[in-house]
Amino acid sequence: MFDVLTDKFTSVFRSLSGKGKISEENIRDAMREVRTALLEADVNLKVVNDFCEHVIQKAIGQEVIKSLQPAQLMVKIVNDELVNLMGPVDTTIYTVSPGPTVIMMCGLQGSGKTTTCGKLALFLRKKGHQPMLAAVDLQRPAAVEQLRTLGQQTQTPVYADDSRVASHGQVAPGAAVAVARAAVQEAKRQGRDILILDTAGRLAIDHELMQELKDVHDAVQPHQIFLVLDAMTGQDAVNSAKAFNEKLELDGLVLTKFDSDTRGGALLSAKMVTGKPVKFLGVGEKLENLEEFRPEGVASRILGMGDIVGLVEEAHKQFDMEQQAKLAEKMEKGEFTLDDFIGQMTQIRKLGPMGKILGMIPGMSELAKNVNMNGEGVESHMGRMQAIYNSMTRVERKKPDLIDAPRRRRIARGAGVDPNDVSQFLKQFEMSRNMMRAVGGMNMLSRMKLMRGLMSGNLGAIAQPGANLLKTKRSGWQEKKDRNRKGKKR
Amino acid sequence: MSFFAKTLDRLKGALKKTADVLNTDVRTLFVPGRQIDEAFLNEIEEKFIRADMGVKNAEMIVGAIRDRWRLGRIRNAVEAREVVKEMMLRDWPVEEREIRFASSGPTVIMVAGVNGAGKTTSIAKLANLLKNRSGKSVLLAAGDTFRAAAVEQLTIWSQRLGIEIVKHKQGADPAAVAFDACEAAKARGIDVVIVDTAGRLHTQAHLMRELQKIRDVIAKRIEGAPHEVLLVLDATTGQNGVRQAKSFTDAVQVTGLMLAKLDGTAKGGVVMTIKDELSIPVKFIGIGETPDDIESFDPKRFVDALFQDDSPK
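Keeping their order, the protein sequence lines are chains S and P.
Its first residue numbered 1, the first sequence is counted upward by one per residue in my numbering.
Its first residue numbered 1001, the second sequence is counted upward by one per residue in my numbering.
Among these hints, one or two may not hold up.
[As the list claims (entries may be wrong)] Derived DEER-like restraints, expressed as beta-carbon distance ranges:
id, chain 1, residue 1, chain 2, residue 2, range
1, S, 404, P, 1188, 47 to 55 Å
2, S, 125, P, 1176, 28 to 36 Å
3, S, 418, P, 1090, 45 to 53 Å
4, S, 275, P, 1032, 36 to 44 Å
5, P, 1073, S, 80, 44 to 52 Å
6, P, 1032, S, 87, 42 to 50 Å
7, S, 87, P, 1223, 56 to 64 Å
8, S, 80, P, 1164, 56 to 64 Å
9, S, 84, P, 1164, 31 to 39 Å
[Said to hold, decoys possible] Some residues of chain S that are not near chain P, with every Cβ distance over 10 Å (derived):
id, residue
10, 223
11, 246
12, 251
13, 345
14, 403
15, 406
What the hints contain is simulated information worked out from the structure, not anything from laboratory work.
From the three backbone atoms N, C-alpha and C, an ideal C-beta is built for every residue, glycine too.
Put together the whole structure using the sequences plus the hints.
Okay, structure coming up:
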């Protein structure tokens, strides 16, 4: 499954075949690749070195040397160890009774604290809690306003004291403490069971601001302290995580901006240096985009190997299975309409940007390169198809044959595309429909051949065959096995 | 002009907090009399990786030292330092690191970046610099209509700095804000328009297209605009910074970087990789929390400051 790394290991070990012995030295050589992969993912240097040494010891202990498939075994050890390091997983938010449970959020400037406070409030509300937000960030202009807006969006009351806000960047001493204290009283009075404190962002080396945080901590004795950390952070992640942990003794970590294409080494660094569990990942701009942490996908992501588990889970979450079953039935009968075509496409798009989907499939990013079609290209292509479809009348959607030149021009104008694009879209649909009819009466081998043809021609085919994504993927795997077998014969 | 003619001392002073860290980190390596050996080379590599310069860059610099050392051309740490300097300065793009002003009419500076990079604060600093050090009239365009209270945040800055601002309500079309700002600048004879944009992850295709649209609208209203597209990069960013720079350049042709939050413990070494791969110059650095804490970036002085012999004050 972990193609890239396996290949690298294989090549290292292959050069030894014939000599019959794999020494500790060879394992060390192979681990260089892992080291580079981890460093490129921004895992802290010391963490990387410790990790590699640990894996080497483990590998020697497990006698990779005698293993028939040393490369695969090494990859497994590396992955397992990474997952191990990121555990134990504990995403529980501990509450006290009587309430309110006070959760203090801290972090560097721009890490996403305030947004995360809003997301957490929504998350807790959905779990049946009655959270309250408190604006203890008196430093950043309009931070209080931002929290108020988030409060409205999540239907969470917000405690704020505008008279305490720093008018010219200088917070009065003790103001943050006073606001935090008053917030606890207010939460008690209103009978809220959880109070989330949004504190001012600061630099780890700014002693004055760190002291303010400490003062707030000492004054209200929060039950949980979470550090919010930008997942795109580089080597510095360790410094800030350490500084915050030493000053406040953290209870958990929240990694934000995990929906970017960062490999997210900061997560591992922060986890290792603090020893505190990762609670949540921020995975989008919307307030519901807060995920409970699960280490498996992150391990392969850090190693640059995609997240197939995540993709399958996502697919299950997003795909309407009932609709899929109905569609399969229709396909067998050869009744595949434009509505179905667009419906399928919409389902795939629900999974997220095409680039993100491709990134989750091991080896897929390479494939995308080969067929000269990157995720963004597919994405905008699908967007155009949707626009064309939207500009068609209901009748036209049922009977695309009706579309003549004037209709085509009208549709093109409506969709903001060239009339040619409309023709092409209809042609693509026509092809898909014909294929669906053909597939209906095909055996597995023929289907595979068909898939292969599509894959080599155009990755956009993923969106077209109308087959559901899982089916497409299975075909991809089959194809690969097939290729391996041929290779052996030669 | 005025801020470009800065003395080395000034830059050093401005970089103080960072330089302290950098100096103690890198400089202890180059103790006079220390001979080059493998342990020394490993140490150098580690320091560079820790500064987020990337494995490739670190290996390249260390490789160059190792080559010369093996050939017998250099022997000790001081000589190695010269190699490091040479390597780090090599290939820096020669484009001027000042703002490119329009020959006539308003100059438009578009500012973009990922969420939380420090765009709004950087804009305040830039506006302050242009107004107070260069004597320009400045107009801000509150183009971050997405994030809660972003417009308020910029408005507060505009009041503090005594600078005009064009704003719409939250949720408005940012391109429309840019449009109005351009029109206002032309009508009022403003020198520089700084257009704020909402923070966006470079992986969000639709948001990158929105950015393109803002750029297009600006280009249509004022010829030759935007004259600068500055990408604000958080100095704590790791290797992902390269991808950010690449995606934003693909979308809106970034002309320069603004390295924000260089006042922490982070060193922003990723700009080395961005320089190597994309030839985008760093134009400004943010080095503190007040509007005055902005400096123009000069790689030579930056490296000089890194390797100054006197101990950190």
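Evaluated hints:
1. S/404 <-> P/1188: 47 to 55 Å: Holds - the Cβ-Cβ distance for residue 404 of chain S and residue 1188 of chain P, about 53 Å, lies within 47 to 55 Å.
2. S/125 <-> P/1176: 28 to 36 Å: Holds: the Cβ-Cβ distance is about 34 Å, inside 28 to 36 Å.
3. S/418 <-> P/1090: 45 to 53 Å: For residue 418 of chain S and residue 1090 of chain P the Cβ distance comes to about 47 Å; the hint holds.
4. S/275 <-> P/1032: 36 to 44 Å: holds (40 Å)
5. P/1073 <-> S/80: 44 to 52 Å: holds (46 Å)
6. P/1032 <-> S/87: 42 to 50 Å: Holds, since residue 1032 of chain P and residue 87 of chain S (Cβ atoms, about 48 Å apart) stay within the stated range.
7. S/87 <-> P/1223: 56 to 64 Å: The hint (56 to 64 Å, Cβ to Cβ) holds, given that residue 87 of chain S and residue 1223 of chain P are roughly 59 Å apart.
8. S/80 <-> P/1164: 56 to 64 Å: holds (59 Å)
9. S/84 <-> P/1164: 31 to 39 Å: For residue 84 of chain S and residue 1164 of chain P the Cβ distance comes to about 57 Å; the hint is violated.
10. 223: holds (27 Å)
11. 246: Given that every Cβ of chain P is farther than 10 Å from that of residue 246 of chain S, nearest at about 14 Å, it holds.
12. 251: At roughly 23 Å from the nearest Cβ of chain P, residue 251 of chain S sits farther out than 10 Å, so the non-interface label holds.
13. 345: Since the minimum Cβ distance to chain P is about 15 Å, residue 345 of chain S lies beyond 10 Å and the statement holds.
14. 403: Since the minimum Cβ distance to chain P is about 28 Å, residue 403 of chain S lies beyond 10 Å and the statement holds.
15. 406: The assertion about residue 406 of chain S holds, with a minimum of 30 Å to chain P.
Comparing the model with each earlier hint shows a violation of hint 9 alone; every other hint is respected.
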